[in-house]
Amino acid sequence: MGQLTTGERDFGAIILIVLAIIGIAMAAAGRSDVLGIHGAMVLVYCLALLFLLLSGAFGTPPSAARLTRYYDDPIKVGVGLTLFWAIFGMFIGVWAAAQLAWPSLNFDTSWASFGRIRPAHTSGVIFGFGGNALITTSFHVVQRTSRARLADQLSPWFVLLGFNLFCLIAISGYFLGVTQSKEYAEAEWYADIWLVIVWVTYFVLYVRTLARRKEPHIYVANWYYMAFIIVVAILHIVNNLAVPLSFAHAKSYTIWAGVQDSMVQWWYGHNAVAFFLTAGFLAMLYYYLPKRAERPIFSYRLSILSFWGITFFYMWAGSHHLHYTALPHWVQNLGMTFSVMLLVPSWASAGNALLTLNGAWHKVRDDATLRFMMMAAFFYGLSTFEGSFMAIRPVNALSHYTDWTVGHVHAGALGWVAMITFGSLYTLVPAIWKRERMHSAILVEVHFWLALAGTLIYVFAMWNSGIIQGLMWRTYSPDNTLVYSFVDTLLAMYPYYIARAFGGLLFLIGAIVAAYNIWMTVRTPAAATLALDDDSPGDERQISGATPTPAE
Amino acid sequence: MPELMHRKLERSATGFMLAIIAAASVGGIVEIAPLFTIDDTVETVSDMRLYTPLELAGRDIYVREGCYACHSQMIRTLRDEVERYGPYSLAVESKYDHPMLWGSKRTGPDLARIGGKYSDFWHVAHLNNPRDVVPESNMPSYRWLGTNPLKLADLPLALRAQRAVGVPYTDEMIENAARDAYGQAVPDSEQSSGVTERYGEATQVSAFDGVTTNVTEMDALVAYLQVLGQLTRAAYENTAAPEQMPDPDN
Amino acid sequence: MALTHETLLEGAKLWGLFYLMGFSICVLIYTFLPSNRERFERAEREIFDEDDGPWK
Numbered sequence: 001m002g003q004l005t006t007g008e009r010d011f012g013a014i015i016l017i018v019l020a021i022i023g024i025a026m027a028a029a030g031r032s033d034v035l036g037i038h039g040a041m042v043l044v045y046c047l048a049l050l051f052l053l054l055s056g057a058f059g060t061p062p063s064a065a066r067l068t069r070y071y072d073d074p075i076k077v078g079v080g081l082t083l084f085w086a087i088f089g090m091f092i093g094v095w096a097a098a099q100l101a102w103p104s105l106n107f108d109t110s111w112a113s114f115g116r117i118r119p120a121h122t123s124g125v126i127f128g129f130g131g132n133a134l135i136t137t138s139f140h141v142v143q144r145t146s147r148a149r150l151a152d153q154l155s156p157w158f159v160l161l162g163f164n165l166f167c168l169i170a171i172s173g174y175f176l177g178v179t180q181s182k183e184y185a186e187a188e189w190y191a192d193i194w195l196v197i198v199w200v201t202y203f204v205l206y207v208r209t210l211a212r213r214k215e216p217h218i219y220v221a222n223w224y225y226m227a228f229i230i231v232v233a234i235l236h237i238v239n240n241l242a243v244p245l246s247f248a249h250a251k252s253y254t255i256w257a258g259v260q261d262s263m264v265q266w267w268y269g270h271n272a273v274a275f276f277l278t279a280g281f282l283a284m285l286y287y288y289l290p291k292r293a294e295r296p297i298f299s300y301r302l303s304i305l306s307f308w309g310i311t312f313f314y315m316w317a318g319s320h321h322l323h324y325t326a327l328p329h330w331v332q333n334l335g336m337t338f339s340v341m342l343l344v345p346s347w348a349s350a351g352n353a354l355l356t357l358n359g360a361w362h363k364v365r366d367d368a369t370l371r372f373m374m375m376a377a378f379f380y381g382l383s384t385f386e387g388s389f390m391a392i393r394p395v396n397a398l399s400h401y402t403d404w405t406v407g408h409v410h411a412g413a414l415g416w417v418a419m420i421t422f423g424s425l426y427t428l429v430p431a432i433w434k435r436e437r438m439h440s441a442i443l444v445e446v447h448f449w450l451a452l453a454g455t456l457i458y459v460f461a462m463w464n465s466g467i468i469q470g471l472m473w474r475t476y477s478p479d480n481t482l483v484y485s486f487v488d489t490l491l492a493m494y495p496y497y498i499a500r501a502f503g504g505l506l507f508l509i510g511a512i513v514a515a516y517n518i519w520m521t522v523r524t525p526a527a528a529t530l531a532l533d534d535d536s537p538g539d540e541r542q543i544s545g546a547t548p549t550p551a552e
Numbered sequence: 001m002p003e004l005m006h007r008k009l010e011r012s013a014t015g016f017m018l019a020i021i022a023a024a025s026v027g028g029i030v031e032i033a034p035l036f037t038i039d040d041t042v043e044t045v046s047d048m049r050l051y052t053p054l055e056l057a058g059r060d061i062y063v064r065e066g067c068y069a070c071h072s073q074m075i076r077t078l079r080d081e082v083e084r085y086g087p088y089s090l091a092v093e094s095k096y097d098h099p100m101l102w103g104s105k106r107t108g109p110d111l112a113r114i115g116g117k118y119s120d121f122w123h124v125a126h127l128n129n130p131r132d133v134v135p136e137s138n139m140p141s142y143r144w145l146g147t148n149p150l151k152l153a154d155l156p157l158a159l160r161a162q163r164a165v166g167v168p169y170t171d172e173m174i175e176n177a178a179r180d181a182y183g184q185a186v187p188d189s190e191q192s193s194g195v196t197e198r199y200g201e202a203t204q205v206s207a208f209d210g211v212t213t214n215v216t217e218m219d220a221l222v223a224y225l226q227v228l229g230q231l232t233r234a235a236y237e238n239t240a241a242p243e244q245m246p247d248p249d250n
Numbered sequence: 001m002a003l004t005h006e007t008l009l010e011g012a013k014l015w016g017l018f019y020l021m022g023f024s025i026c027v028l029i030y031t032f033l034p035s036n037r038e039r040f041e042r043a044e045r046e047i048f049d050e051d052d053g054p055w056k
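Top to bottom, those sequences are chains A, B and C. Under full-length UniProt numbering, think of the first position of the first sequence as 1, with each following residue one higher. Under full-length UniProt numbering, think of the first position of the second sequence as 1, with each following residue one higher. Under full-length UniProt numbering, think of the first position of the third sequence as 1, with each following residue one higher.
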């Protein structure tokens with residue numbers, strides 16, 4: 001925050017004081033409710049930030065020259081927050097997985113029971129890890145591709161720290177039993193309102209920064225970030241419309257009921273996957289992959305076509321979560337049709353990424369960072385194929401309600417989302433801290449293999465358990481009765497639950513290795529004297545004009 | 001001139017934003033909007049009753065504990081599901097559910113028709129420690145529910161909020177919410193007659209957790225579990241066959 | 001004509017289909033418009049330009 005002027009600091013302080021007062025009001029009004037605990041947390045969070053903000057207030061004012069440089073301070077803090085939530089969210093995930101195999105691991109407490117830590121895991125990784133990674137990289141990409149400094153000094157901090165306040169309130173709420181039980185939208189009304197405020201600020205900041213660009217054309221990565229920001233706002237607002245018991249209660253009831261709620265929920269749920277976990281991460285792919293490979297994207301036009309395909313088709317696909325339910329048949333069929341059509345733009349994106357690497361396979365072999373991104377594109381292709389396949393009604397009859405869904409989600413979450421994020425972080429960190437390379441290339445290599453092994457173990461365990469359980473549920477004896485009781489099918493799951501916890505553990509260890517490596521990279525002072533001629537992938541610079549245009 | 005240039009650039013970002021909204025909103029509109037007229041076409045049932053305050057409180061506990069993460073409440077129109085769990089779920093059955101709890105994963109069995117299948121005593125024992133009654137179970141134990149007193153004072157507010165989102169609770173029901181919750185969990189108390197008066201003769205009045213000295217969260221949750229699939233008889237009277245018959249040799 | 005579930009359904013699906021076709025055509029035109037070729041090619045390469053600072 002060293003780059004803020006006195007006026008900006010004052011404004012920041014006013015925002016924090018207003019929020020702190022809201023915190024006090026929440027604590028007072030909700031003193032007989034869990035809302036009061038959240039009020040106290042808001043208060044403490046704001047006071048801590050106020051202390052940080054004011055403790056630097058009397059130093060030298062920032063030089064005017066800062067405005068001629070990129071604004072990387074929020075990005076640096078964002079990298080730290082991303083890694084914190086990655087480790088937190090994955091740890092809770094491993095714990096939840098272990099509880100399915102050994103149920104006593106909740107130690108008989110309410111806050112650690114599976115139903116409460118499961119949303120803490122999903123929100124921790126989706127919003128905490130994924131959301132921070134998206135905000136952080138979007139700040140980096142939008143500045144570099146627009147050739148413009150972020151449009152404002154204070155609002156990047158507001159967006160980043162405000163978003164983390166949302167994560168904190170949401171996730172602590174699940175441990176305390178504050179939840180709407182709407183999948184991936186569990187946070188209660190006051191956290192939801194706060195997120196809207198943060199998100200609108202994010203949107204305004206992003207558009208204003210884009211408006212400062214030199215080139216009339218907006219680079220395609222920014223399209224994906226824009227779609228992510230806009231559509232998530234629409235989804236979030238519509239799905240979370242609710243009436244609270246009172247302003248002193250955390251509990252609320254959604255305005256949607258029954259069938260309508262199911263459709264709204266999965267319209268939200270599936271597009272949270274599309275626009276939170278796909279669009280934004282494709283933005284990373286379209287910037288960091290060409291950057292790292294030092295090759296332009298295979299086909300820019302294909303990236304545009306797949307952008308509109310994804311933006312258009314995904315919104316129809318949500319109802320494939322509701323096959324054979326009380327949702328009207330035509331909506332199910334429409335969802336299935338568009339889910340299958342989605343394969344086209346999805347594979348176009350994955351293919352575009354892999355073809356970008358064509359001709360640079362030696363770099364993929366030598367550079368684990370690039371390999372992370374290559375694997376991410378591969379898993380993206382795999383899980384989008386699987387997704388379209390599972391959306392077909394008869395397939396869904398078998399897969400739905402089983403671990404197959406969980407395996408599918410994790411092929412996407414671990415193989416695609418997390419791998420593209422780590423690949424991007426390993427590219428981003430040396431760039432903004434002005435280091436020649438990561439502290440240890442070997443540790444990146446170790447992380448890659450831990451992540452890949454963890455993903456494969458996890459996904460194969462869940463594929464097996466899901467298909468086995470799905471088949472057992474519908475196994476009939478010759479005299480036409482069901483062969484297996486539910487408990488029989490549960491018993492068959494235990495070995496896979498143990499394997500999955502192990503796979504997740506490997507992935508978690510990988511994330512810890514990454515955090516250590518990044519920490520060491522940041523700590524080691526920039527060594528301007530480092531020789532350029534070693535294993536850095538920057539050896540063969542042949543970009544500017546020398547490379548022939550890839551065939552289109 | 002630079003000012004004009006600047007504005008033009010800004011406009012292109014705005015146009016782009018509008019294009020994204022145009023592309024993304026149509027799918028949702030086409031699929032969701034017609035569902036608000038769904039009442040024209042789906043079953044109309046006369047016997048559909050509301051959740052009593054105690055059952056609603058139990059539902060809120062089900063929501064709070066995240067039970068949806070492992071239990072569905074949606075029996076699909078597949079033969080094996082109908083044979084395992086009971087008649088497939090109808091749209092009308094969740095018409096008062098804010099939110100719906102259809103779920104997406106069955107680590108445990110579906111609960112759409114669990115009501116009346118087991119005794120109150122079984123549910124209490126099972127929630128206290130699932131492995132006492134199902135040795136292979138991996139469900140957490142919910143021992144603390146039996147010692148947590150239910151917050152009766154919040155119930156009128158809960159019913160009022162439910163009415164605000166469209167559930168037809170009457171003023172009388174809202175006014176008596178706390179009394180009715182007490183009366184349903186404490187049979188033979190002076191409050192219990194009001195519950196059946198307001199919510200119908202089929203309402204179960206019972207000492208759900210086996211203790212009548214106080215009303216606990218266990219009472220509420222068991223009352224809710226016992227009413228699942230019991231709000232209307234419509235599904236049991238529905239004669240349409242499940243749509244997919246799996247191959248018996250499979 | 002009364003706004004029943006049936007008519008709404010019909011309208012939504014028909015209108016949705018036309019919308020899909022119209023939208024696809026617009027996107028295709030935009031993508032393959034010859035005058036856009038140059039800006040796409042420039043965008044493709046521009047991320048490699050290495051001066052480390054904003055342009056203004």
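The set of hints was computed from the structure by calculation and includes no laboratory data. Be a bit skeptical, because a hint or two may be false.
Said to hold, decoys possible - Going by beta-carbon spacing under 7 Å, a handful of chain A positions derived as facing chain C:
no. : residue
1   : Arg-149
2   : Val-207
3   : Arg-208
4   : Ala-211
5   : His-217
6   : Arg-301
Idealized CB from N, CA, C, for every residue including glycine.
Going down the list of hints, with the structure as the test:
no. : hint    : verdict
1   : Arg-149 : 5 Å, holds
2   : Val-207 : 17 Å, violated
3   : Arg-208 : 13 Å, violated
4   : Ala-211 : 12 Å, violated
5   : His-217 : 4 Å, holds
6   : Arg-301 : 5 Å, holds
Violation of the numbered hints given earlier is confined to hints 2, 3 and 4; the remaining hints are satisfied by the structure.
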